[in-house]
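Reading the sequence shown from the start, the letters are residues 1 to 130 in the numbering used here.
FYI, nobody ran anything at the bench for these hints, they're computed from the structure. Treat the hints with care, as some may be off.
Cβ pair distances, simulated, as ranges [as the list claims (entries may be wrong)]:
no., residue 1, residue 2, range
1, Thr42, Asp101, 31 to 41 Å
2, Glu11, Gln130, 44 to 54 Å
3, Met37, Leu98, 29 to 39 Å
4, His67, Glu112, 31 to 41 Å
5, His88, Arg108, 20 to 30 Å
Think of the CB as a built atom: it goes at the ideal place given N, C-alpha and C, for glycine as much as any other residue.
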Amino acid sequence: MKAMTSGISCEGMSPEWVAREGKKGDTIIRAGMSETMGEVETALGLYAVAAAEEEELAEYCEGIGLHEKAYYHWLGAANCWGRAGNLHRGIQIGEKMLTLDILTPHKRKQVETMIERLRDERREWYALSQ
């Protein structure tokens, strides 16, 4: 397998990891559907499952030299943790991403914007809990 339709290389990924990537995508879709149907607890749980899988995929991709693909999995992990309600973990991943050597100015801005959004959500949560 040479490349995905998005143009990001997946060369060198084992079939098992490609399948895990597809399963993770399905989990995110199920989480969104659950959220839309008002099944909040189910959605939160599914987002957490997807977030953990995104982290594993990111680490795997980094390990085989697919740094751009890893970047998008880290981004997905941070966003899924945020959707799951673990804003702190999402922010941690975002801060780790800022240390990546492959960040273009556009990607750096993308990560900084995501971190700020997660921090805003955390501040809102804190204000509501008082």
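Each hint, compared with the structure:
1. Thr42 / Asp101: 31 to 41 Å: Because 38 Å falls inside the window, the suggested range holds.
2. Glu11 / Gln130: 44 to 54 Å: holds, 51 Å
3. Met37 / Leu98: 29 to 39 Å: Given about 36 Å between the Cβ atoms, the range holds.
4. His67 / Glu112: 31 to 41 Å: Between His67 and Glu112, where Cβ atoms are some 19 Å apart, the hint is violated.
5. His88 / Arg108: 20 to 30 Å: Hint holds: Cβ distance 21 Å, inside 20 to 30 Å.
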